[in-house]
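Asks: What follows is the residue order along each chain.
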Amino acid sequence: MSYTSPAGNFDMPRLLKFVVATIACACFAAPSAQGQTAREIVDRVDQLLRGRSSTGSIRMDIVTEHWSRTLEMRIWSLGTEYSLIRLTAPVRDAGMTTLKAGDDIWNYLPRVDRAIRVPPSLMGSSWMGSHFTNDDLVKESRIIDDYDIEIAFEGLRNGVEVWEFVLTPKPEAAVVWGSIVEEVRQNDMMPLWANYYDEDGNLARTITFSNFTMMGDRLVPALMTVQPVDKPEESTSISYEDLQFDIDITEDFFSLRQLRGGS
Amino acid sequence: MVVMIGLANGMISQMINNGTGLVTGQIQIHSPQYLPDRSVYETLGSHPNDVESLLGIIERDPAVIAAAPRVFGGGLVSSGAATFPAILMGIDPAREVEVSRIAVMKEGRLPLTGSNEIALGSTLMDWLETNLNDELVLVAPAADGSLGNDLFTVVGIMESGIPEIDGSYVLLPIDVLQSLIALQPMRIHEIVAHIDDPWDAQLATDRISIELQRDGYAVDVAAWTSLRPELREYAQLASGTQWILAVIVFSMAIFGVANTMIMATFERRREFALMLALGAAPSGIIRSVLSEAFALGLLSLAAGVVLTFPILVWWHHFPLDLSAVFGGFEIVGTFVKPVLKTEYPWAMIFFTAFALLLTVVTAALYPAVRAARLAPADVLTGR
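One line per chain: the protein sequences are A and B, in this order. Mind the numbering: the first sequence is residues 1 to 263 in our numbering, read in order. Mind the numbering: the second sequence is residues 1 to 383 in our numbering, read in order.
In case anyone wonders, no lab produced these hints; they're calculated from the structure. Glycine included, every Cβ here is placed at the ideal spot set by N, Cα and C. Incorrect hints may have been included.
To be verified - Partner residues are not named here, just some residues of chain A that face chain B (Cβ under 10 angstroms, in silico):
1. 64
2. 203
3. 206
Claimed, not checked - Interface residues of chain B toward chain A, partial, derived using beta-carbon atoms under 8 angstroms:
4. 145
5. 149
6. 153
7. 213
8. 278
9. 282
Said to hold, decoys possible - Label pairs and their computed distance ranges (CB to CB):
10. 231(A) - 233(B): 34 to 44 angstroms
11. 231(A) - 106(B): 49 to 59 angstroms
12. 230(A) - 82(B): 44 to 54 angstroms
13. 81(A) - 328(B): 45 to 55 angstroms
14. 238(B) - 81(A): 51 to 61 angstroms
Okay, chain B solo, but in the shape it has when bound (with noise of 0.2 angstroms):
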């Protein structure tokens, strides 16, 4: 049971990287008024050096391995005689690559700041029938009212094995997108941290709140917890079902282990009734038996130990990788790959540990006292 909650986690844990890995990340800090319109002027920066300060701040907490500025627009994205509308991202690429997959190519490289050079993903250049070099008009509503246009040319193919993502982006530098759109070099609408646990992300979260607060920001800082709830709620609920499983199974030995302890008491009563015949308590008899189901609790214990571990490590760090049997699949939005990966589930191990013990000295409780009421006399007379 450990190994399989292990495997789930695993996928649970998959999921939830990729979800919060490839775009979301795991904290973003928006203009308070940015979410959920994503109007263009609701902006971070209104000073010169607002962004490099934010993300200092934001940095500086522990738990932060990486932060990113980003700018978005609306727009279209055309070749030739096709046209489709496009998500354009500004990306500052060094930093990019450190808090999103989305930066990483399947071909190709990323935009460099300052050139008019574009990446998209492999749905969109499926669609508008292009390749490496191309080039491509952007075209976006501006700031100022105008029609941003300009030309591009195609350096980079991202494939994220979600439609949604592979068929809309398209990354470009971030100072070009603010010359396109008419944003001031200064102003972004978001910055991304990169966190190792995700689980980590709102308690990081609250201390980058303080920290921008205490330093004049009047920001909002989200943890992937509250941008991404849908990939929340089914982690809890998958993990749920694994505590409602934890107790179904419990239960059911409940009643196996109490068959073979009635069993294992009913083939010792001579014993028992003898000990009793030269006087040993019946609390003593409750005790006996009780320990000697606590001893071969902790014996199944040990050897469920000895079994499970060598598994949760070995697919810890060589995980089984099925993806080129079964390809992969999306959960809420998020693809995941059919890899056999465990993660250690703490939490479930101390428990499972301690309800094998409880279990065992639980079953063990009515075989101990039946085995302290025998009548000596009669067992040992054969009565």
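Same shape as in the complex, but just chain A (with noise of 0.2 angstroms):
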């Protein structure tokens, strides 16, 4: 017997992953070598993000067929291994945390005083009812380990030099995404837009990236909305208020007793 549920399945995960990206949006704000190819971008971008920190507030709208609702929260992560969300607003779930430590994802419950482990087999499903999938969030490797990326279009596109990446995953890549295909702004390295397609080649969903916006010392994409395409009507967006990167953060940070205690 199965079951679907408003929320789906209870997941953190996927918002780690999300936030790990938006932090890869930022980092395509470094400055541009000229001449690079695409796999050369995309691993400059994936390498960026390793061995840094960052701290930061966001505000997720969720809006599905049945439900609409907003959360505020505040994060921090620690490269790829380390990340932890505190659950702001609203006021009932305020104080919800998720921390991702290695291969371990703990979320905890204020209401009950509890922390429990997700256990792996859940931790491909979506967190509060979001549209992200999980599809590479808990993997340590890099993008181009398993993809191969193409330039498939450069030049002017709706009056903006852009670049159009092509995705596709290697054979051996245990990967979700039969394809993802990205738009990159060239003057300033800002993703536009991502389309993912499923294995028969049907786009599945599509990221919006706007409001770019100098946070910290970088231009990131302040906005980004998530649209599954099976359900147009619904959609996830997330909205930086602030963000600070390389921080004085340590591992010490990420334990179980700051899982539960306050930030």
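Make the complex out of the two chains shown on their own, each in a separate frame, by following the hints.
Replies: See the structure below:
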């Protein structure tokens, strides 16, 4: 017997991945290296994510067929191994916290004052009904290890010089997407949109990036909206209210004690 | 053969009773869009008194013994560092025990209405390394998008013998689950009805469906035969196999009986020749032989009834339970014990009785015709 739930299965990892992806977007804002190949650009972005730390505030607006809600949260990350997300609103959910430390994901539930470990079988589900997949959240491998990357288009589109990258999974790669197509603005290396296709080549979801804003010392797309193709009336938007990079934070911060405690 | 088919029917009956009696029930009532996705939003009960009214209409059907409401949710059950996905089933304890065996506890008791108590499958208990009276955390996505979570005390352990059930089901009071997943108290996902003879389910389903439609309820009423088609198909396959076996057995019997009758009429050819010589009509000889065969068939039938019926009755009322020796086994997702219990195969009993008489008469036809065609002079003179 199988059940669909209103918010999908309980799973924080997708959000963590998205947070990481966001930082990746921020890293696109680093000075561009003219003449780089698609693989070098994507790999550079991927490498820039590692070994760095960040903190920030996020607002997430989720719209589904049955309900809409807004979550506010504070995030901390260290490389791709450690992340901590603490909900600050709505009041009913405030204090719910997710810790990713290595391969383990823990959720702290303040209502019952318990931390529960998310089983590996549920790491692939949505979080709070948002529309992210966690395809590569818990993976630590580099994008260039899993995808062949090509420039499908380079030139003027809608008055903007852009690159269009096509990421095709390598035969041995354990990824869920059949391919990913992403458009990146050339002048500041800001991503504009990314389309995710399933294994049959059908468009599954679209992520659009907008509201490019300076946060910390970088330009970032402060608003990202995920739109599932099969449910056009649904969406999840993430907007960054503030972001700081390369903060002074160590692995000790990402502990079960911190999971239960305040920030 | 009747005893063998009676035993096979007993096994099929047990399979259907176990398969429908554990969780599925014989009849289910849902919102028309609930199956197959089981969306938490597809509920019965848009008005406060709907569920009671639905239960009343369903229980008025003469075949229905009891009915119970249910709420379902998907979630996590956690104890210490162990967390597993689970099917959360909200029940009305007093009603549920009347409709399903999942509410029969191996240890402990059912959760009480209004209390944060749960009963778990034995496999899930083992995985969580927990015991009765321990405290567990349940987490479930709620209908309003939030994440329901609370502490619960384990008060019961169930064991169905089906690993998928024992490793995934968590029972809790229906009102508590409604609160956990932010579902209005009047909303439920399913009503299950229990009837005595599973094979009456379709007729009862049709009646209930008409009644509910008459009262303005747009709901989906389904019998176990459509909810568990694999069970129905297996039972039909087993039944079909029995009929094929019966045809083969009686086809073989025709040759045996015919051989016996040929020998018997051959030994009595002088008697038939004398009758013909004295003026008996050949049709009279045929009638005589066929009548004798029919009489023999009746005697055989009587002997068969005397030998078979006591065994059928005995094993029906006092089945031989071999599960202590052979354990149990699973057929199409249903736990079945090796219990030698006969069900009265009335259709097969009447078929075999009729087939027996038809067999002996058919088998006697050729010897009868041969006897009627004897040349009296040749037979009586020994030529």
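Asks: Tell me if residue 149(B) is really an interface residue toward chain A, meaning its C-beta lies closer than 8 angstroms to one of theirs.
Replies: Constraint on residue 149(B) satisfied, holds at 5 angstroms.
Asks: Hint residue 282(B) vs chain A: min CB-CB distance below 8 angstroms?
Replies: violated, 71 angstroms
Asks: Just tell me: holds or violated, for the beta carbon distance of residue 81(A) and residue 328(B) against 45 to 55 angstroms?
Replies: holds, 48 angstroms
Asks: Holds or violated: is there a CB of chain A closer than 8 angstroms to the CB of residue 153(B)?
Replies: This interface hint is violated because 13 angstroms lies over the 8 angstroms limit.
Asks: Per the CB criterion, is residue 203(A) less than 10 angstroms away from chain B?
Replies: The hint is violated - residue 203(A) has no Cβ within 10 angstroms of chain B, the shortest such distance being about 23 angstroms.
Asks: For the hint on residue 206(A), does the least C-beta distance to chain B fall short of 10 angstroms?
Replies: With a minimum Cβ separation of about 22 angstroms from chain B (threshold 10 angstroms), the hint on residue 206(A) is violated.
Asks: At the C-beta level, are residue 238(B) and residue 81(A) separated by a distance inside 51 to 61 angstroms?
Replies: holds, 57 angstroms
Asks: Does the CB of residue 278(B) sit less than 8 angstroms away from some CB of chain A?
Replies: Result: violated, 80 angstroms to nearest chain A Cβ.
Asks: Can you let me know if the beta-carbon spacing of residue 231(A) and residue 106(B) is within 49 to 59 angstroms?
Replies: violated, 43 angstroms
Asks: Restraint: residue 213(B) near chain A, CB-CB cut 8 angstroms. Satisfied or not?
Replies: violated, 27 angstroms
Asks: If you check the beta carbons of residue 230(A) and residue 82(B), does the distance land in 44 to 54 angstroms?
Replies: Hint violated: Cβ distance 35 angstroms, outside 44 to 54 angstroms.
Asks: Hey, does the residue 145(B) contact hint survive, CB to chain A under 8 angstroms?
Replies: holds, 4 angstroms
When held up to the earlier numbered hints, the structure conflicts with 2, 3, 6, 7, 8, 9, 11, 12 and fits the remainder.
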